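Each chain, letter by letter, is given below.
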Amino acid sequence: MSDLNKMTIAAARDALRAGEVTSAELTEACLTAIDGADALGAFVHKTPEIAMERAKAADARLQGREEAPAMCGIPVGIKDLFCTKGVASQAASRILEGFRPEYESTVSQNLADAGAVMLGKLNMDEFAMGSSNETSVYGNAVNPWRAGNSDAGLTPGGSSGGSASAVAADLCLAATGTDTGGSIRQPAAFTGITGIKPTYGRCSRWGIVAFASSLDQAGPMTKDVRDAAIMLQAMCSHDPKDSTSADLPVPDFEAALTGDIKGKTIGIPREYRMDGMPDEIETLWAQGTEMLRDAGAKIVDISLPHTKYALPAYYVIAPAEASSNLARYDGVRYGRRAALSQGDGITEMYEKTRAEGFGAEVQRRVMIGTYVLSAGFYDAYYNRARKVRTLIKKDFEDVFAQGVDAILTPATPSAAFELGKTFDDPVQMYLNDVFTVTVNLAGLPGISVPAGLDAQGLPLGLQLIGRPWEEGDLLNTAYALEQAAGFVAKPAKWW
Amino acid sequence: MSIDTQTAARVAKLARIKVEDDQLPALAQEFSAILGFIEQLNEVDVDGVEPMVSVTPMRLKRRKDGVTDGDRQDKILSNAPDAREGFFAVPKVVE
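Quick note, the sequences are listed as chains P and W, same order.
Its first residue numbered 368, the first sequence is counted upward by one per residue in our numbering.
Its first residue numbered -19, the second sequence is counted upward by one per residue in our numbering.
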């Protein structure tokens, strides 16, 4: 078999179970692809020894066993935000330089227990704060896609930019991502892959470096919807170590993929029609709507009246939680400590360590968060944002109560943009999350599915938003959309 | 709302991030731009709305208040920038 690294999880699983391929062969193919792709900046810590060891263990476990877990022997990449025992876990920050966790995150442990093979750690925006992977201490991750004949480097999106780049370039079969405001769905859309953020509480947050705890969720980034169902299943679990982890059974997500959405009601929210949105996005959205209608779904216009206020609410709540979560980086217990001058006390140690350890965007958000939580502003900013969040969630509850099963929107307001273009304007950069951030604020599951190419040949994605805890139904609607869209384009290899 | 350099300096101090004086005007300007964006929230009628505490209504689990783990001093200290004699070491705190 050739091009093993290009396989889907489902195809590799079937070939592994049938004994047609070994995990060692799959893993070697991925490691070779990774070594040839340094120009993408996707893998920032390679772990080939761990990978080969786990591949051999998976092969021993597979030995003709049909009942081996679906992820057994599947080589995956892990976002740098996940703590992995004994392996650098830096959240792409200078302040965690040299940090080697003594423990493993629940999600990566679940994957390892299922027999998945870790190939290494993936690039991302520092502490997951960014939409272009340009705030990383490791440097940019680069999109394997290029616009037309241009050789300008494009962003793979962020914050899970390394994960998106690696999956799109076939450096791994799939990767983990995390999503606080769109960090799985936006990069998935920018790179022509599938990414799902499950309902808040589906995946344990334990061992994932915290950004905004009430919004953070892990999820898979994969080559298609079936793979997303298979990998999500392996990542989810109830975890007593995360008090917000849901004590609910994890259904068989793959079994939900029938492709039959007859009689389902799909809502099209009028507030997502933004001024200045490119025609191509508008057209794609209309085409996606027709595809679902043709598949037998009932299409209804809906209103989510507080959509406009989701981004400003997010840019209060997320920085507020970040300022609190990132207080732990003090140069005492782990990571980097700044060199001190004669006579410096503990306050100077904190201030110097955090000034040189955090990048500009992280500093900006920690300080904004500090400001909105400070005495005199707490009510005006933080409490008001939390009230608006209640209203945003109610918008969704109202349409679900009217019988809507899923909501179709564009995933992003544009295709992937050039690296360096928007970086200096924080507010402009924040607008990238305009279609995705409502989902985090409401705690809902959302999935990005590649649905077409723009005039420059760049992938565009559509987002489906589902009811809480109904990822299976959401994945099935996404599966129907995927089949109708028939997206098969791949980036031409230049790296 | 426009943020002055004095407020920017105070926020930096509260956040324990050292910002050089010559960087403060640019920082104040960035804060003003971001807060200007956030101020759209003032258009929303939030009278009688409860601020969200938990996005998925759930009862937090309880457990026995007992020791479940421990004796990991070496592991806890293994990533410390400065650990001595079984402790985290920091600059002198009390004169």
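In short, the hints are calculated from the structure, not lab data.
It should be emphasised that the depicted structure is a prediction, and the values quoted were computed from it without experimental measurement.
One should not assume that every hint holds.
Only pairs whose alpha carbons sit at most 20 Å apart, straight line, appear in this in silico EDC-like list of lysine to aspartate or glutamate [unchecked claim]: (1) W/K(-7) / P/E728; (2) W/K55 / P/D405; (3) P/K760 / W/E30; (4) P/K760 / W/E23; (5) P/K761 / W/D25; (6) P/K857 / P/E464; (7) W/K72 / P/D840; (8) P/K631 / P/D609; (9) P/K629 / P/E837; (10) P/K719 / W/D2; (11) W/K(-2) / P/E433; (12) P/K788 / W/D49; (13) W/K55 / W/E65; (14) P/K760 / W/D25; (15) W/K55 / P/D370; (16) P/K761 / P/E837; (17) P/K665 / P/D840; (18) P/K452 / P/E416; (19) P/K608 / W/D45; (20) P/K452 / W/D49; (21) W/K(-2) / P/E715; (22) W/K(-7) / P/D697; (23) W/K(-7) / P/E715; (24) P/K860 / P/D791; (25) P/K857 / P/D370.
Below, a sample of chain P positions facing chain W; criterion: calculated Cβ distance under 10 Å [stated by the list, open to error]: (26) I666; (27) E723; (28) M734.
Ranges between beta-carbon positions, derived for each pair [said to hold, decoys possible]: (29) W/K(-7) / P/A856: 35 to 41 Å; (30) P/E649 / W/L40: 41 to 47 Å; (31) P/Y745 / W/I56: 32 to 38 Å; (32) P/D627 / W/G16: 44 to 50 Å; (33) W/G28 / P/A424: 38 to 44 Å; (34) P/Q769 / W/E0: 53 to 59 Å; (35) W/R64 / P/Q430: 18 to 24 Å; (36) W/V47 / P/G663: 43 to 49 Å; (37) P/G403 / W/V47: 48 to 54 Å.
Backbone N, C-alpha and C fix where the C-beta goes; we use that ideal spot for every residue, glycine too.
Status of the hints after comparison with the structure:
1. Taking the CA atoms of W/K(-7) and P/E728, the gap is about 17 Å. The hint holds against a cut of 20 Å.
2. A C-alpha spacing of about 33 Å is found between W/K55 and P/D405, which places the hinted pair above 20 Å, so the restraint is violated.
3. With a C-alpha separation of about 12 Å, the suggested pair P/K760 and W/E30 falls inside the 20 Å cut-off, and the hint holds.
4. Straight-line distance between C-alpha atoms of P/K760 and W/E23 comes to about 18 Å, which keeps the hinted pair within the 20 Å bound.
5. At roughly 14 Å between alpha-carbon atoms, P/K761 and W/D25 fall within 20 Å of each other, so this suggested pair holds.
6. Restraint check for P/K857 and P/E464: the C-alpha separation of about 35 Å exceeds 20 Å, so the hint is violated.
7. Restraint check for W/K72 and P/D840: the C-alpha separation of about 58 Å exceeds 20 Å, so the hint is violated.
8. Distance restraint check for P/K631 and P/D609: the Cα-Cα separation of roughly 34 Å exceeds the 20 Å cut-off, and the hinted pair is therefore not satisfied.
9. This hinted pair checks out: P/K629 and P/E837 have alpha carbons roughly 17 Å apart, not beyond 20 Å.
10. Of the pairs offered as hints, the one joining P/K719 and W/D2 holds, with about 16 Å between alpha carbons and a cut-off of 20 Å not exceeded.
11. Between W/K(-2) and P/E433, the direct Cα distance comes to roughly 58 Å. Violation of the 20 Å bound is thereby established for this hinted pair.
12. Proposed proximity of P/K788 and W/D49 is contradicted: the alpha carbons are some 49 Å apart, above 20 Å.
13. With a CA separation close to 14 Å, the supplied pair W/K55 and W/E65 stays within the 20 Å bound.
14. Between P/K760 and W/D25 the alpha-carbon distance is near 15 Å, which keeps this suggested pair within the 20 Å criterion.
15. Our distance criterion of 20 Å between C-alpha atoms is broken by W/K55 and P/D370, whose separation comes to about 42 Å.
16. Taken as a hint, the P/K761 and P/E837 pair is honoured in the structure, with Cα atoms around 18 Å apart against an allowance of 20 Å.
17. A distance of roughly 15 Å separates the Cα atoms of P/K665 and P/D840; the hinted pair therefore holds under the 20 Å criterion.
18. Distance check on the hinted pair: P/K452 and P/E416 sit about 14 Å apart at the alpha-carbon level, within 20 Å; holds.
19. Proposed proximity of P/K608 and W/D45 is supported: the alpha carbons are some 14 Å apart, at most 20 Å.
20. A hinted pair counts as satisfied when its Cα atoms are at most 20 Å apart, and P/K452 with W/D49 qualifies at roughly 18 Å.
21. The hinted pair formed by W/K(-2) and P/E715 meets the criterion: a straight-line CA distance of about 8 Å does not exceed 20 Å.
22. With a C-alpha separation of about 14 Å, the suggested pairing of W/K(-7) with P/D697 holds against the 20 Å cut-off.
23. Annotation: proposed proximity of W/K(-7) to P/E715 holds, straight-line Cα distance about 11 Å (limit 20 Å).
24. Restraint check for P/K860 and P/D791: the C-alpha separation of about 30 Å exceeds 20 Å, so the hint is violated.
25. Taking the CA atoms of P/K857 and P/D370, the gap is near 14 Å; set against the 20 Å cutoff, the hint holds.
26. Because the beta carbon of P/I666 sits about 28 Å from the nearest beta carbon in chain W, more than 10 Å, this interface hint is broken.
27. A distance limit of 10 Å between C-beta atoms decides the matter here; for P/E723 the minimum to chain W is near 8 Å, and the interface restraint holds.
28. Satisfaction of the interface hint for P/M734 is found here, the shortest Cβ-Cβ separation to chain W being roughly 5 Å, below the 10 Å cut-off.
29. Between W/K(-7) and P/A856 the beta carbons are some 52 Å apart, a value that contradicts the proposed interval 35 to 41 Å.
30. P/E649 and W/L40 have their C-beta atoms about 44 Å apart, which keeps the hinted 41 to 47 Å range intact.
31. Here the CB-CB span from P/Y745 to W/I56 is close to 34 Å, well matched to the stated 32 to 38 Å.
32. For P/D627 and W/G16, the Cβ-Cβ distance of about 49 Å falls inside the hinted range of 44 to 50 Å, so the restraint holds.
33. Separated by about 58 Å at the C-beta atoms, W/G28 and P/A424 break the suggested range of 38 to 44 Å.
34. The hinted window of 53 to 59 Å between P/Q769 and W/E0 holds, with their beta carbons roughly 55 Å apart.
35. Here the CB-CB span from W/R64 to P/Q430 is close to 50 Å, at odds with the stated 18 to 24 Å.
36. Checking the proposed 43 to 49 Å range against W/V47 and P/G663 shows it is violated: the Cβ atoms sit about 57 Å from each other.
37. Checking the proposed 48 to 54 Å range against P/G403 and W/V47 shows it holds: the Cβ atoms sit about 50 Å from each other.
Violated hints, listed in ascending order, are 2, 6, 7, 8, 11, 12, 15, 24, 26, 29, 33, 35, 36; each of the other numbered hints is respected by the structure.
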